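Just so you know, our numbering puts the end of the sequence shown at 543, numbered straight through with nothing missing.
Treat each hint with caution, since some may be false.
Subject to a maximum C-alpha distance of 20 angstroms in a straight line, what follows is the list of computed SDA-like cross-link-like pairs (lysine to any residue) [claimed, not checked]:
1) Lys493 <-> Asn410
2) Lys502 <-> Leu434
3) Lys417 <-> Tyr442
4) Lys493 <-> Asp506
5) Lys493 <-> Ser474
6) Lys497 <-> Ser474
7) Lys397 <-> Glu413
8) Lys493 <-> Pro435
9) Lys397 <-> Leu446
10) Lys414 <-> Ser474
11) Lys493 <-> Ala475
12) Lys397 <-> Pro531
13) Lys417 <-> Gln436
14) Lys414 <-> Asp444
15) Lys417 <-> Val460
16) Lys397 <-> Lys417
17) Lys493 <-> Lys414
18) Lys493 <-> Ala507
19) Lys502 <-> Thr425
20) Lys502 <-> Glu413
21) Lys397 <-> Asp490
22) Lys502 <-> Asp490
23) Lys497 <-> Ser447
24) Lys502 <-> Gln431
25) Lys493 <-> Leu505
26) Lys493 <-> Gln431
27) Lys502 <-> Pro435
28) Lys502 <-> Val451
Everything labelled a hint here was simulated from the structure, so no lab data went into it. Remember, predicted model here, so these are calculated numbers, not experimental data.
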Amino acid sequence: MKYQNALDKLWNHANLPEKGLKREDSFLFTAWQAEQTRLPQDFQRLYEDTLSCLAVINIHLNGAVPSETITETPRPIDSALCYSMSAILCGGWSDYFKSSQKGAFPKDFLDAYASMLVRIGIAWDLVLAGDMDSIPEDTELEFRMQQA
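Construct all of the structure, not just a fragment, from the sequences and the given hints.
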């Protein structure tokens, strides 16, 4: 996957219209769909795709081996990328809060959804840190350390 494709997919995950991408492949559209139907949805594929996109973004921004190329020089970060990540996280947490307040879904579904949002936030933090080589693996490690 190339940087622009990853950016387009993140834009779609943020439920921002993107030509050629299916809304069913959007993290926030699926959250909206869950709310509308009152049926828990399977977010795992969308979560994994989001992390795959962030792995591509990480290499684009921080080099092929970020831990070896870290620099003190500030890196310009695309505002569309920042906006899409902010929309995914803010929209996701807003959906979680609303659903948890209404008691619309079982606790295990809400816990799994919140866990994915925390992990997406960690992955974004790791991209911004600029020195992590494997976003999916490092995200899981950081999540487990935070939960210990």
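Against the structure, the hints come out as follows:
Restraint check for Lys493 and Asn410: satisfied, since their Cα atoms lie roughly 18 angstroms apart, inside the 20 angstroms limit. Proximity of Lys502 to Leu434 is assessed by CA-CA distance (about 13 angstroms); at most 20 angstroms being required, the pair is judged to hold. Restraint check: the Cα-Cα separation between Lys417 and Tyr442 comes to about 16 angstroms, which is no more than 20 angstroms; the hinted pair holds. Simply put, Lys493 and Asp506 have alpha-carbon atoms about 14 angstroms apart, close enough for the 20 angstroms limit, and the pair holds.
Note on Lys493 and Ser474: the hinted pairing is violated, with a Cα-Cα distance of about 28 angstroms set against a maximum of 20 angstroms. Distance check on the hinted pair: Lys497 and Ser474 sit about 34 angstroms apart at the alpha-carbon level, beyond 20 angstroms; violated. With a C-alpha separation of about 16 angstroms, the suggested pair Lys397 and Glu413 falls inside the 20 angstroms cut-off, and the hint holds. In summary, the hint linking Lys493 to Pro435 is supported, as the alpha carbons are separated by about 14 angstroms, within the 20 angstroms threshold.
For the given pair, Lys397 sits about 14 angstroms from Leu446 by alpha-carbon distance, which is consistent with the 20 angstroms threshold. Of the pairs offered as hints, the one joining Lys414 and Ser474 holds, with about 19 angstroms between alpha carbons and a cut-off of 20 angstroms not exceeded. Straight-line distance between C-alpha atoms of Lys493 and Ala475 comes to about 26 angstroms, which puts the hinted pair past the 20 angstroms bound. With a C-alpha separation of about 17 angstroms, the suggested pairing of Lys397 with Pro531 holds against the 20 angstroms cut-off.
Of the supplied pair hints, the one linking Lys417 and Gln436 holds, its CA atoms being roughly 16 angstroms apart against a limit of 20 angstroms. The hinted pair formed by Lys414 and Asp444 meets the criterion: a straight-line CA distance of about 18 angstroms does not exceed 20 angstroms. With a C-alpha separation of about 32 angstroms, the suggested pairing of Lys417 with Val460 is violated against the 20 angstroms cut-off. Of the pairs offered as hints, the one joining Lys397 and Lys417 holds, with about 18 angstroms between alpha carbons and a cut-off of 20 angstroms not exceeded.
Taking the CA atoms of Lys493 and Lys414, the gap is near 29 angstroms; set against the 20 angstroms cutoff, the hint is violated. Proposed proximity of Lys493 and Ala507 is supported: the alpha carbons are some 15 angstroms apart, at most 20 angstroms. Note on Lys502 and Thr425: the hinted pairing holds, with a Cα-Cα distance of about 18 angstroms set against a maximum of 20 angstroms. Using a Cα cut-off of 20 angstroms, the hinted pair Lys502 and Glu413 is violated, with the two alpha carbons roughly 32 angstroms apart.
For the hint pairing Lys397 with Asp490, the CA-to-CA distance comes to about 30 angstroms; that exceeds 20 angstroms, so the pair is violated. Only pairs whose Cα atoms come within 20 angstroms are accepted, and Lys502 paired with Asp490 is accepted, the gap being roughly 14 angstroms. A threshold of 20 angstroms between alpha carbons decides the hint, and for Lys497 with Ser447 the separation of about 32 angstroms lies outside it, so the pair is violated. Our distance criterion of 20 angstroms between C-alpha atoms is met by Lys502 and Gln431, whose separation comes to about 18 angstroms.
At roughly 11 angstroms between alpha-carbon atoms, Lys493 and Leu505 fall within 20 angstroms of each other, so this suggested pair holds. Straight-line distance between C-alpha atoms of Lys493 and Gln431 comes to about 12 angstroms, which keeps the hinted pair within the 20 angstroms bound. With a C-alpha separation of about 11 angstroms, the suggested pair Lys502 and Pro435 falls inside the 20 angstroms cut-off, and the hint holds. At roughly 33 angstroms between alpha-carbon atoms, Lys502 and Val451 are farther apart than 20 angstroms, so this suggested pair is violated.
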